[in-house]
Amino acid sequence: MIQLFRMAFRDLGRNRRRTFFSILALAMGLALLITMASFINGEMDNAMDTTIRLQSGHFQIRAQNYDERKTSLKWEDLIENPTQVAEQISTLEPVIAASPRLFASGIVASRNQSAGVQIVGIDPASKTNDPYREGLVSGEFLTADDREGILIGRPLAEKMGLGVGDQINLTANTSNGDVSEQLFTIRGIYSTETRVFDTAIVFLPLQKAQAMTRTENHASTIFVLLKDKDQTDAVIKALQSSSYKILTWTKMNEIIIQTENLANSYMSLFYLIVLVVTATVIINTLIMAVFERTREIGILSAIGMKGRRIMAMFLAESSILAVGGILLGLVLGLLVVAYLERNGFYVGNMAVGGGGFLIRDTVYAKFSLEDTIYVSIMAFVVTLLAGLYPAVLAARMEPVEALRAEK
Amino acid sequence: MEVTKIENVTRTFMIGKVETEALRGVSLSIESGEFTALVGPSGSGKTTLLQLIGCLDQPTSGHVYINGKDVSRLNRNQRADMRRGTIGFIFQFFALIPTLSAYENIEMPLLLNHQSASERRERIQQLLEAVDLTNRAHHRPDQLSGGEQQRVAIARALATKPSLILADEPTANLDTTNGQQVMEIMTRLNQETGVTFIFATHDPRVVKYARRVVTLRDGLVAENSHAMPVQ
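Residue numbers (our numbering), protein chains in the order written: chain A, 1 to 407; chain B, 1001 to 1231.
No lab work stands behind these hints, which were simulated from the structure alone. Yeah, the Cβ is synthetic: ideal placement off N, Cα and C, and Gly gets one too. Watch out, some of these pointers could steer you wrong.
[Unchecked claim] Here are the simulated distance ranges between beta carbons:
| hint | chain 1 | residue 1 | chain 2 | residue 2 | range |
| --- | --- | --- | --- | --- | --- |
| 1 | B | ASP1070 | A | LEU388 | 20 to 28 Å |
| 2 | A | PHE5 | B | ASP1070 | 37 to 45 Å |
| 3 | A | LEU369 | B | ASP1081 | 46 to 54 Å |
| 4 | B | HIS1202 | A | LEU388 | 42 to 50 Å |
| 5 | A | TYR389 | B | ALA1222 | 40 to 48 Å |
| 6 | B | ALA1137 | A | ARG404 | 26 to 34 Å |
| 7 | A | LEU262 | B | ASP1081 | 51 to 59 Å |
| 8 | A | VAL323 | B | ALA1137 | 26 to 34 Å |
| 9 | A | TYR266 | B | MET1014 | 50 to 58 Å |
| 10 | A | GLU292 | B | PRO1041 | 29 to 37 Å |
| 11 | A | SER265 | B | ASN1075 | 46 to 54 Å |
| 12 | A | PHE5 | B | HIS1202 | 39 to 47 Å |
| 13 | B | GLY1016 | A | GLU292 | 52 to 60 Å |
| 14 | A | LEU262 | B | MET1014 | 54 to 62 Å |
[As the list claims (entries may be wrong)] Examples of chain B residues toward chain A, derived with CB under 10 Å:
| hint | residue |
| --- | --- |
| 15 | THR1048 |
| 16 | LEU1074 |
| 17 | ARG1076 |
| 18 | ARG1079 |
| 19 | ASP1081 |
| 20 | MET1082 |
| 21 | ARG1083 |
| 22 | PHE1093 |
| 23 | ALA1159 |
[Said to hold, decoys possible] DSS-like, lysine-lysine: derived pairs with alpha carbons at most 25 Å apart:
| hint | chain 1 | residue 1 | chain 2 | residue 2 |
| --- | --- | --- | --- | --- |
| 24 | A | LYS251 | A | LYS237 |
| 25 | A | LYS245 | A | LYS70 |
| 26 | B | LYS1017 | A | LYS306 |
| 27 | B | LYS1161 | B | LYS1069 |
| 28 | B | LYS1069 | A | LYS306 |
| 29 | A | LYS251 | A | LYS127 |
The whole structure should be built from the sequences, with the hints applied where relevant.
What follows is the structure in structure tokens.
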């Protein structure tokens, strides 16, 4: 056995350049897969994390008949006394913060330009709004009693050429189907580094939003953040109430989970394609080796080596190639992943946010041990399978014919 | 005792669509301890006959016996088993494995025969001494001269103490001095160990070492003489 590997190792050393490139091919394939896997992993984590933080929270409480798609402002679709409800929820131990939000659709206009936006009325003091407060790029954050201030996102400000202190005209739907209009002063410009979100969302203090849309003492939702998302089920069990509807982050973000599952199954197919391509390089290398060494195979056969052992010798070569390629691939892959974990990959302009799916402009890779082990094992198996054909070819050679070979 | 007996053996090859008869009914018997030359012009069937005796190939018809056992219809693995331990080969080209040292080349058949490390070491030392290559043991074939390589091949052929050694033009690629040395070693080993040698050649300087000469012509035994060595 040791002898077998020693011979295989030396045989691979005969044509070092070819061996190196075969190993490199496998290594690059593997490194690509590790990078892809960690990138998708990072992207999915990013999407889930960003969406929870900015948009869905860990769970939300809504009126029984609230329809998310319509951003209805009818009183019966809203939660009454939302501040009180939020305060009650805040007393639960796993809850970081619970805060009412009011959603309305509107249009901002400045000089000749206008843009459709979603108006979100928030309690400026609540911790749930930290991402916007921390994302302030200029100006001030809102205060609860501000009657004329508005907070807009950086991409929207840039698009409309607006700055802090500028005035914009905001038009909003109201609960009775009318439209109300008012001039606001831009107090601050925020960025969550999530283009889709920042372009579409403008913030008002809750009370002002309520006054403007005639929904006093009502809110669309209670937005709740927990210390740990795994506590969601326990908390909502404690809150069971027939008058409200509770939506959890898994329910609200089904699309992300589905996308992740879909991405994973596509990735498996992608792994296989990449590995099959690298396997052809290995097959090619070994077939060339078999033909170059035909006469030696004849000699080994003449001195009594059986086909099985000749086959084992070539399989030993492919397993050495596999191990070499996997080790090099792990080194290359982990270097790339380490780089992307630190520096990220800018996807800003490509980031799409359809179906309530938010991705930050920069995606940071996230190393996944499980995926790495999985693709390494797959690479090993595929390489051994690739070595099978040349090995069988060698084992099946007739000694007489093999001895007659030129070299 | 007969080491090998060939009974009315024919061997037909298909070359393209043309049937070629390499052997057309050869019968021959070789006794243990013989030092026999197989001579004849190229294409006379020398190599084919050696391959049949060596269980590398199978006759189209007729029988080949090795140590009394009919080997004409053995399958691949059985033939490999037969070769291992019973038959040693020396080829015209210096058939060493280029990645292995002289020592490791000689070791290969011993490994295939599952001999222990100490047995192998001892045997290889003996053989290296017998072919006068003790100081070249750890050289690779490309660091050895043609004569040295052929001596390693002889040592390898002898490693498992086979009863029969088949050499196909063992000196064809050597100069006179090296050719002579190789023949002298083979003669000496034949005398010292009693191992049977059958070698194909058309070099008269080699034939003179033989104690028996079998001449093949057009796939048939033309002459079968018991010539005495010239020495």
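To see whether the hints hold, each was checked on the structure:
no.	hint	verdict
1	B:ASP1070 - A:LEU388: 20 to 28 Å	violated, 35 Å
2	A:PHE5 - B:ASP1070: 37 to 45 Å	holds, 38 Å
3	A:LEU369 - B:ASP1081: 46 to 54 Å	holds, 48 Å
4	B:HIS1202 - A:LEU388: 42 to 50 Å	holds, 44 Å
5	A:TYR389 - B:ALA1222: 40 to 48 Å	holds, 46 Å
6	B:ALA1137 - A:ARG404: 26 to 34 Å	holds, 31 Å
7	A:LEU262 - B:ASP1081: 51 to 59 Å	holds, 56 Å
8	A:VAL323 - B:ALA1137: 26 to 34 Å	holds, 31 Å
9	A:TYR266 - B:MET1014: 50 to 58 Å	holds, 52 Å
10	A:GLU292 - B:PRO1041: 29 to 37 Å	holds, 32 Å
11	A:SER265 - B:ASN1075: 46 to 54 Å	holds, 47 Å
12	A:PHE5 - B:HIS1202: 39 to 47 Å	holds, 42 Å
13	B:GLY1016 - A:GLU292: 52 to 60 Å	violated, 26 Å
14	A:LEU262 - B:MET1014: 54 to 62 Å	holds, 58 Å
15	THR1048	holds, 9 Å
16	LEU1074	violated, 13 Å
17	ARG1076	holds, 6 Å
18	ARG1079	holds, 8 Å
19	ASP1081	holds, 7 Å
20	MET1082	holds, 8 Å
21	ARG1083	holds, 5 Å
22	PHE1093	holds, 8 Å
23	ALA1159	holds, 9 Å
24	A:LYS251 - A:LYS237	holds, 15 Å
25	A:LYS245 - A:LYS70	holds, 16 Å
26	B:LYS1017 - A:LYS306	violated, 31 Å
27	B:LYS1161 - B:LYS1069	holds, 18 Å
28	B:LYS1069 - A:LYS306	holds, 20 Å
29	A:LYS251 - A:LYS127	holds, 23 Å
Violated hints, listed in ascending order, are 1, 13, 16 and 26; each of the other numbered hints is respected by the structure.
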